[in-house]
Every structure is written in structure tokens, then in C-alpha cells.
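Quick note, the sequences are listed as chains A and B, same order. Using this note's numbering, read the first sequence as starting at -3 and increasing by one per residue. Using this note's numbering, read the second sequence as starting at -3 and increasing by one per residue.
Derived by calculation from the structure, the hints in this document are not laboratory data. If you're wondering where the values come from, they're calculated on a predicted model, not measured in any experiment. Errors might be hidden in some of the hints.
Since copy identity is lost for identical chains, a pair holds within one copy or between any two.
Mimicking BS3-like on lysine-lysine, the simulated pairs with C-alpha atoms at most 27 Å apart in a straight line are [claimed, not checked]:
1) Lys393 - Lys31
2) Lys393 - Lys293
3) Lys338 - Lys142
4) Lys289 - Lys393
5) Lys338 - Lys393
2 protein chains.
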Amino acid sequence: MDLDLLRTLVIGNATRIVLCSLDGLGGLPRPGTAKSELATARIPNLHALAARSACGLIRHVGPGITPGSGPGHLGLFGYDPLRYVVGRGVLEALGIDFDLRPGDVAARGNFCSVDGDGLITDRRAGRIQTELCNRLVERLRQIRLKGVEVLVEPVREHRFVLVLRGAGLSGRVSETDPQALGVPPLAALALVPEAETTAAFVNRFVEAARPLLKDAAPANMLLLRGFDRQPDLPRLPEVFGLKAAAIAAYPMYRGLARLVGMEVLKTGSTFADEVTTLREHWSAYDFFFLHYKDTDKAGEDGDFDGKVAALERFDAHLPDILALRPDVLVVSGDHATPSVLKGHGWQPVPALIWSAYCGADPVRHFTERACAAGTLGLLAAQDLMPLVMANALRLTKFGA
Amino acid sequence: MDLDLLRTLVIGNATRIVLCSLDGLGGLPRPGTAKSELATARIPNLHALAARSACGLIRHVGPGITPGSGPGHLGLFGYDPLRYVVGRGVLEALGIDFDLRPGDVAARGNFCSVDGDGLITDRRAGRIQTELCNRLVERLRQIRLKGVEVLVEPVREHRFVLVLRGAGLSGRVSETDPQALGVPPLAALALVPEAETTAAFVNRFVEAARPLLKDAAPANMLLLRGFDRQPDLPRLPEVFGLKAAAIAAYPMYRGLARLVGMEVLKTGSTFADEVTTLREHWSAYDFFFLHYKDTDKAGEDGDFDGKVAALERFDAHLPDILALRPDVLVVSGDHATPSVLKGHGWQPVPALIWSAYCGADPVRHFTERACAAGTLGLLAAQDLMPLVMANALRLTKFGA
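Chain A extracted, bound-state conformation:
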């Protein structure tokens, strides 16, 4: 659905929605068994909820396409991830909770090693300690460029973020990282005429950094890539008429929520903290995005049993969420992270929508296989939000 059309159908209501994103939720059977992580886990509360819900599978980008966390969450938030693209520099900035503003251009930075002739010998500067990264970033913060504000933030090891803030900046600037050794860093080039000024700022930044890093071998130079302007996304509270809050222990997901205009609530570092935060703010918002990271972390590590345990921990918290009596409760994820892949996967992700009007289907288990037979079918991720809104009785009919 086109967001502009959807917006015209939104009506007010007092209903309350909780969208639980279990990061990397979907999985694959462990070799030698027919059981995925979800099919292995003891998750009685999720199964019972699935039995009362409409179930299905959601696909975030397209068949065979593995979504990154950005497209994965944009899909869950109702945005077509192929239309609304969040670039790498912006994601990197969001990942460290950087307060990115409209018009900002962000890039991923690496400290690297160069020899006496300025040729790259290590693109990651031997993965220096984060502590050294912090100190070198302090040096880079001395750089002042006339006409633009320069912001530098450490990430970890050799990685940092560069943000340029000012009027008329463009993200269409080529990378200075040649992705090769034995050659010098590249000059940044404008990929479109409007990016000339930005490319010039980038090159001036690099030239100013060179003497500051000269004595810092192995981190005696830097490389920049993934230049991106913060995308101008429709604001979720306006499109859907929701007072929306995000609760996420990890910065990347807070950042993605902020990007679509949600309020980010302060919370602790555990999912128990997140649920407490949810309870504390229950009456103040219509919509809560609740992010659960552990499933993805275990999947990325290839830790099948760890992912099973993470699912079981989430399951144990589910009664606390249900006790708040949401009108609509959604459980799904931003992408699959099958433990056997040790990374994101292209597989569609189980999804359930519970409400008084969800039209529960015969699905009795919250697993990939069982959900494949649900009445939601195989759904584009961005189609979930209109269904959620409908279940919250927050959409009027189309056509008289």
C-alpha cells in the first residue's frame, strides 16, 4: 500500500499496539534434524498466542534477498525497503546512537596504515584497540572546515563515523577507500554535480587529517566510504496517526525508530528492562516498538542452542506483555538469522497478529513451517502495518 493513500484512511482510536521485533527471528533446521530453532525451543506462551492469532510469513525485500537490519526494520514499520533506502553511513551513525539530523551526510571511516609513499598497507590498521581509536578521533575533532560542521565519533577498533552538517550537502560522493593494498587512498569525487561542495569538504577533511595522524602508525591514515544523506522518510506518527514509542536496548534500532519519527524511550540493557519501560509508559503512547536482540546475536554466532535459549527467554517475558492487555500484539522479526548460516538469511520470517478481530487460523505453533500455512500467507513486510492498523480499528474503509 502506498503510504499517502494509507494516510487518508487513518482514523483515531484509543487502541494500543505492541510490535515485538525479535531480531533475526527466523531460522533453519539444524543439520540432521528437521527442527529449526523455533521448532526446538520450549516456547509455550508463543505457541498459545499463535493459536489465538492470525499467522503467516513476512518477506522484507524480495525472494532470495537477505535484508540488512535497516531494510528489515523499515519493512516492519510499514515502509517499502526498496523505495525508502537507508544507506550505510547513516546506519553506522545510528548504530552508535548518533543524533543524526535531516540533511546530515554520514560516512563510515576506517583508520588504515600507509607506508612512506602513502600507499595503503593495511585497510584496517591492524584492527587497533578501541581505546586508541578514541584518542585518534579526539585528534580528528580538531579539524575545522569553513562552511560545514565536522563531527567525528569513534565506533570500535579501527572504525569511526564522520558526519558533515550544513546546508546543501549531498551523499552522492565516491569512496576514498580503494579496497586494495599498495595504492594510495582515492580522492572523493562528486557523483552528481550537486555533490561538488560535499566532495570538496571531504577532501579537505582528509588533507587536514593526514598531518594529525602522521605519527600514529599503524593508524596513520584514514579511509571513508558509504557516504549517505539522512533520508527524508515520511514520519510514522503522521502517516499512521500514532503516538509511537521505541524501546530498544541497542542503539541501531533506536536510531532506525528515530529515523521514522518515533520517540525513543530510555531503557536498560536487558529485555526485562525493556518490558519494565513498556509498563511504565503504557498509558502515554498508542504504539510501542519493542526490540529483542538476543535471537540475532546467537544466530550470528552460529549458536543454535543459544538461539533456542534466547527464544525461550523471550517466551518467558510474553505473559508480562500480555498482562498489559494490548489491543493488538504483533510478534515478528526484521529478517531470519539461521544459526546454520551464521548470518542474516533470505528466508521469510514468522509473524503473528493477535487482536479481538484477527480471525485466528488453524496454526497452533509459532514455527516457520506452521506459520507457512497461516491465513496471513506470505506477506510483504510493509503490508503488516496496514493489517495492524486495521486490527486496531484505526483505518476507515476505502471508497464509500
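Position chain B against the provided structure of chain A, taking the given hints into account.
Structure of chain B alone, referenced to chain A:
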């Protein structure tokens, strides 16, 4: 998925893919039974493979639309058949293994009968013997036109192919076949201004042919239709980063594979020959398109038992293909050819994808009905290739 986007996600890998196209695979129950050809056949190897695979149904063009062999295979190769159109003249030329080159314009030709006034009395010249067709084509080969190369090839009975080769030709030329009796052949007209030259060449060819055929009644004139320029398709090896080979005993399918840039391997006339060719070239390619014709032939003849037998013969070869240990194995087809229809059908076609990461679903039989419940769902044919690429771990994620 847009091929240009897909292309940006392709990564290298050493994995090997086999795509088996069983021509006209899908069928319908024989009247009085509930069993299609697939449900009747003893195909234990296909059923066992389906049980280990992700299954579904693929649709090549749209609901209710019966695909020709061109769109059917383009879909399997990952191309949206509604966007990438291969015209009839081009297909006719591919069907006789004609070495069509970029820019060539091809047309289907018929020898026809005209009376003393030049009015058509039989559009197919009484379906003359192929041997006579060959001799008349020899006469047409005497025709020389200044500014363009003229190539004429017999097909069979009254049918031949005309190919014009030269710079600046267009396929947007009207047919000379009025599709009616008692009227003269039409002059070819340019349907767009750029086709003026081509239309003039066509008319000069027809005028030059007239005296050459004058004494050859009943084949004393010719009709031309289906003018087409060879389409400029994205090359499969470049889009998907695959060293791709086609193995097909029938010329049409070799031609379609050549059209998307696959290398065509020399093979014999049976499927056993094709499997031998596959084995001999196993280490030299990443991707093999393996075509099996018998299923379609029996279906076109309305021979239900013959199609059942053809499926069983394919099944017997499956272990030889599996013995090569492909990383991804796909079995599907270019369209249905239900025996009860004695021709192509619009029905979606069973498909299975096997890989270590396919996420096998509960489907236990490779039949139309069983596959309808598979996790691939009902898939556009062109969405199969991205899934195949994902299963071959040859696509990186979209968005960081």
C-alpha cells in the same frame, strides 16, 4: 526483483547450480481420476528429493496466461517475460538453431498459393513436403538486396525463416499475411518511422521472390509475419556472475539459452546424452541449464500415459544428476502441458529447490497438489533465480 538491483548483490562463490527444466511439466488429472500425470507416475527419486527440498508452484506470466516456450524459459532464467519479450520471428529462427546475431530482424515465412490474379487461395500451400520447401528456399537464396544481407532457411512443410542482417534494421514492420483468402498479400508497412528502410527491404524481397516462385504452384507465393529484432537482453552470466552452460537436445532451447548469453554445450539427441554432457563439463561451469523435452512432446500429443512414462524416464536419471553433488538443484518447467489440453496450459508449474539451506517444507510428493502447500508458495517464475542464487550463497545482503 529488478535485475539491476540484483546485479549489485551478487558475490562470488564456488557453488554449483543445476536447473532442470522439464518442458511442459505441469499437468491435469485424467478425466474420471483425481490424478495428474505427476500424481500417476512412479517417480520415487523426485518425491524423495521434494521431501528434502523447498517446494512451490511457479507462474511464468500471469493468472490464466499460457506461456509459450520463450516466456516460459525467460522466466526460469530470471527475466520477467512481460518486460523482456522475444518475438515470434526470433523464436522461429532459434527453433532451427539459426545463429541469430544482435540487430538481426527475423520473420516467419509461409509458402502460399495464389491464383492468376494474385489472390490467396491457400495460406499454407497445401502444406507442401519439407523437401519441396528446401528446394524453394534454394531459389529464394538467389535474392540479393543492396544494403542488407538476406538469409533464408527452411523450417518444415510450408514454413521457412527470413532473416535480414545489417545496420539500423527494425522489427516494427507489419505482416504481409492478410490472414484471409481471396485477397492479395499485403505490402509490408513501417509501424514506426525508423522501420521505413526495413519495410522497403521486405517489399523488395517479396517482389524479387514473385518471379522465382511463379511456376511453383501450389507454393507460388509467400507470406511473412512475426517480424522481430533480436532483443537486447541482459546477459545472464553478467547479471548473476555465473559461468553458465546450456545442455539441450532441441534447438529452440539452445537458442533461448544463447539469447541470454549462456554457452551452449554440444550434446546428443537423448536425455542420457545430456546427462553425460553435464558430467563431462561438471568442473568447467557454475550453472547448468538442463532441458528435458519428452514431457512436453507427450502432453502436446494428448498422450497421458506417454507423459507419465516421460516423467518416469526423467526420474530414473535423477540419481545420476544428484551423484554430481550440485550445491543447488532446481526441478521445474517452462509451462504446463496437460495431456487433456493437448497443448500448453496456464496452470502454475511445480518447482523444487534443494540446497543445504533450502529449509525443507512438509511437502513429500512432487505433484501439483502437494507443491501448492510448499513454502515457496505461488511464485513468479523470475523469482526462482534470486532464490537459487541465495541458496548458492551467491548474494550478499541488501542494506547493512
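#### Entry: Index of numbered hints that the structure contradicts, given in increasing order
3
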